Amino acid sequence: MDKKKLRNDIILISSLLIAAVVALVVVLLTRVKTNLVAKVAVQNNVVLVIDLSNKNDQDFEIDGLKGKLHVHTHSGAIAVTSSNCPHQDCVKMGYVNTSNRPIICAYNAVTIFIESVTAGSDVVI
Amino acid sequence: MKFNKFLTLLTIPFISSCSINHGPAFYSRTIPYVFNAFVDILLYEGSNQNLDDLEDMMTSLDILTDNYKSRPKNNVYTINNSSDDVLVDSSLYDLIKKAKEVKNLGATYFNPLLGSLNKKWKEALEKSEVLDSEVINTELEKINNSSIELKENNYVYKSGEAEIDLGGIAKGYATDLAYDYLKKAGINKYMINTGRSSVLLGESNESDGYFRVNFEEYPNIKFRAKNCFISTSGNAVQGKEIGGVKYSHIINPITGSAINNYDCVVVLSNVGYLGDALSTSMMFNTIDEIKEIETNQKVKCIVIKDSQIQYINSWIEVI
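As given, the protein sequences belong to chains L and Z, one line each in that order.
Under our numbering, the residue at position 95 of the first sequence is numbered 95, and the numbers go up by one with no gaps.
Under our numbering, the residue at position 238 of the second sequence is numbered 238, and the numbers go up by one with no gaps.
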């Protein structure tokens, strides 16, 4: 009886493992590949697009409405490292790597928002 | 016990697959304000260095073909505003040469000397006005009395009062340069979209390598393509309707008119600059003329009028 129970357990666990492997393969083959880009806009005009899939550190100087902002990327995240704005809210936000946390410097009318780029096979003309 | 070991071994691939760094899934970049557009580059193979090289190529050609302002290098603006021979970069020299020759390849309504007339039409349409026929005739006279001379050692001389404008061919030429670069780099899977009017397609990541091509303005029209240049000319974006008549930024170099025969012409070709010039010129051709050019130049076309396909080459795979 015990042997039969053990055999059933083996069959059940093996079945679950096979199902998991199949599911993993399906997920890996069908997953949508995305890269992140940071778009820097001054007064709602995009002036710079930064590829965040480039993991090397990058530095940029942005001419804001009332002064310059220094932007730095590190390991796929972006931050305003210095700004001439009085409250320094944009600098205090630190590094951002998700699309739901835009960096805003109201004083300089600068917005940095992250978007994901999908490597699909659709082309728009 | 043996079964437990078997289970442990099975978990190893799951744990290790989580920690392997596969690198970027692809390489993409958007270059703002090149050729008055956003240029999208997508490489499924290659490296960030390839993106850097392609960006340099695009921005360099944008500077050289600018006819609106002086740039760090001698460009089209320099030639237009000089009464002497101008020494230019070899790629600009080559592009001007092609712009002069493309008329003999079927682009009968393409003229690189339309710069001044184009600007005057643009200014008028921005004010929702139709350009005065007297102004048009004066500009056409300037065009007919002007010429571009290509001299030895990359010197260019423009005679007459007309201005050079390479807007109808520059993006296509840029994709030609990109194609040559990608071929040398051994990159086969890519897409470069220079603001929708000139697209270079290699192969996609799909198993058959095809891209699905969609129209922004005509969502019901879609087709499949790969390994080709797609050039599009149309009046949807820069056109303006005045008094029930649609006026375009694409000007007929013979009559000076800004009224096109169609809403949009798409050319699939093996040469970017040729497709670019042909799509512009075909806005004034008849369908029979377009079919004849297709045969002679080995290109495939789609012609759209009133948001409907008026003609499509039977080899284009509509989806």
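Hints in this document: simulated from the structure, not taken from any laboratory.
Hints are supplied without guarantee of correctness; some may be wrong.
Here are some of the chain Z residues that sit facing chain L, going by a computed Cβ distance under 10 Å [to be verified]: (1) Arg29; (2) Tyr33; (3) Asn36; (4) Glu152; (5) Tyr155; (6) Tyr157; (7) Asn205; (8) Gly209.
No more than 30 Å apart at the CA atoms, straight line, and that leaves these computed lysine-lysine pairs for DSBU-like [to be verified]: (9) L:Lys39 - Z:Lys69; (10) Z:Lys120 - L:Lys39; (11) L:Lys55 - Z:Lys69.
Given the structure is predicted, the values throughout are model-derived calculations rather than measurements.
Just so you know, even glycine gets a beta-carbon here, dropped at the ideal spot from N, CA and C.
- request: If any of the earlier hints don't hold here, list their numbers in rising order.
  value: Of the numbered hints, 3, 4, 5, 6, 10 and 11 do not hold.
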